[in-house]
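Listed below, chain by chain, are the residues.
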Amino acid sequence: MKEITHLIRKEISLEWKSKYSFNGLLLYVISTIFVCYLSFKQIIDPPTWNALFWIIMLFASVNAVAKSFMTENRGRLLYYYTLTSASAVIISKTVYNVLLLLVLSLINLLFYSIFIGNLVQDLPMFIIGMILGCMGFASIMTLISAIASKAGGNSTLIAILSFPILIPLLITIIRFTKNAMDGLDWSVNYKFLIILVALNLLTMALSYLLFPYLWRE
Amino acid sequence: MKLWLKIICIAFLFITIIGGLLVPVPRLAILHETIRNLFFHVPMWFSMIAVLVASLFYSFKFLSKNDLDLDVKAEEFARVGIVFGILGLLTGSLWAKYTWGAWWTNDVKLNGAAATMLVYFAYFLLRNSIDDEQKRARISAVYSIFAFALMTVFIFILPRLTDSLHPGNGGNPAFAKYDLDSNMRLVFYPAVIGWSLLAFWIADIRIRLHKINNQIEESQS
Chain U
1 MKEITHLIRK
11 EISLEWKSKY
21 SFNGLLLYVI
31 STIFVCYLSF
41 KQIIDPPTWN
51 ALFWIIMLFA
61 SVNAVAKSFM
71 TENRGRLLYY
81 YTLTSASAVI
91 ISKTVYNVLL
101 LLVLSLINLL
111 FYSIFIGNLV
121 QDLPMFIIGM
131 ILGCMGFASI
141 MTLISAIASK
151 AGGNSTLIAI
161 LSFPILIPLL
171 ITIIRFTKNA
181 MDGLDWSVNY
191 KFLIILVALN
201 LLTMALSYLL
211 FPYLWRE
Chain D
1001 MKLWLKIICI
1011 AFLFITIIGG
1021 LLVPVPRLAI
1031 LHETIRNLFF
1041 HVPMWFSMIA
1051 VLVASLFYSF
1061 KFLSKNDLDL
1071 DVKAEEFARV
1081 GIVFGILGLL
1091 TGSLWAKYTW
1101 GAWWTNDVKL
1111 NGAAATMLVY
1121 FAYFLLRNSI
1131 DDEQKRARIS
1141 AVYSIFAFAL
1151 MTVFIFILPR
1161 LTDSLHPGNG
1171 GNPAFAKYDL
1181 DSNMRLVFYP
1191 AVIGWSLLAF
1201 WIADIRIRLH
1211 KINNQIEESQ
1221 S
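Residue numbers (the working numbering), protein chains in the order written: chain U, 1 to 217; chain D, 1001 to 1221.
If you are wondering where the hints come from, they were derived from the structure by calculation, not from laboratory data. Quick reminder that beta carbons are idealized off the backbone N, C-alpha and C, glycines included. Hints should not be assumed to be uniformly reliable.
[Said to hold, decoys possible] Distance condition first, Cα-Cα at most 35 Å in a straight line; then the derived DSBU-like pairs of lysine-lysine:
hint, chain 1, residue 1, chain 2, residue 2
1, U, K19, U, K2
2, U, K150, D, K1211
3, U, K178, U, K17
4, D, K1065, D, K1135
5, U, K178, U, K2
6, D, K1002, D, K1061
7, U, K10, U, K67
8, U, K191, D, K1097
9, D, K1006, U, K150
10, D, K1002, D, K1065
11, D, K1135, U, K67
12, U, K19, U, K150
13, U, K178, U, K191
14, U, K10, D, K1097
15, U, K2, D, K1135
16, D, K1135, U, K17
17, U, K2, D, K1097
18, U, K178, D, K1097
19, D, K1065, D, K1006
20, U, K41, U, K2
21, D, K1006, D, K1061
22, U, K67, D, K1065
23, U, K150, D, K1097
24, U, K67, D, K1061
25, U, K150, D, K1002
26, D, K1006, U, K2
27, D, K1211, D, K1002
28, U, K41, U, K10
29, D, K1097, D, K1002
[Said to hold, decoys possible] Some chain D residues judged to face chain U by a derived CB distance under 8 Å, without partners named:
hint, residue
30, I1082
31, V1083
32, I1130
[Unchecked claim] So the derived list for chain U, only partly shown, Cβ under 7 Å to chain D, looks like this:
hint, residue
33, L78
34, I160
35, P164
36, P212
37, L214
From just these sequences and the hints, can you work out the full model?
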């Protein structure tokens, strides 16, 4: 447990030291939203609003999570290997990426609402959906990023490997947040909530179990 | 593969092709003769899932045993799974053109099938991008287990929550409804077993070929 908190703190302080990468992500999200604003002007159709929001989020999270294992050079990974266990590394990376995506999604929501307009009727429900979505995105992509970095690939490889397996999560999350936008009752969204939680638990359990096999070399 | 399994495979496929085209079928509105697609389209998915489960099984086994022969099996089973998946998409698409009037509809089952194909194409791309054999085997085994678990949710759980045009959903008839028709059942069950055995037979030959190629390469170098 102590190892995990130390590793998370290390990630955050690394991010803080080289503000360039986080600022880059911020600029990426904002300029994407601005491009969308200029091309769409205004969106009055809730499904389109929702789909566009999640597509922006999808590409932003590929960029955000892609570097989590790419930037680690061989020497540093070897250093971790002598210090901590594989499970501590994957848990800390996943938790850190969840935090990163949550911050990104809030910024995304803010600027998206300013430029394109906010059509959400049930904001608390939408934000719960957003949190669950970010957790799922982060946990899937962290393991995929580890796989892709072992394969010596670039961010194209991450996109190819992660998009198909993100689809189930993405359609469920789009349905959930669409219901939140329409201000539907909780009873409608209950089954989607269960699937989202189950998907999150499944991916986290799988990455916890599978990562040690990638780790040892 | 055992000889008697091969004989059963050939006999059942003869039953499927001859019986599938000649057996009397119930006359139903819209479906008419296209109902015969049941003998060809549905078994493709059954066989695909069977070989993909076999591939998953060998991926698991590789991670625990670390034997490269197991990786060859996992790879070849996945390859045969892709072929059967493509055949399933083609037969389904052809059927959809004449019953629904479109080659492709935005349906959760169809999209699940397409996404599964994408996952396995990505799997082979990942394999090709790694040169070292041990490393390739381990990383692709991890990916295939991870992807398979998430695809299971997509293919088996999500379609049950939404309405779909596909037979078996939203009040559309599926083959369970025709089980009363003993003629069709007489052909359908052999068809499923026959096509699945064929898939395993092809995979078996490909695995042997792969191993021979490996040996030739080793002896040359």
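**Message:** Let me make sure I understand: some of the numbered hints might not hold for this structure. Which ones are they, in numerical order?
**Reply:** 3, 5, 9, 14, 17, 20, 23, 25, 26, 28, 29, 30, 31, 33 and 36
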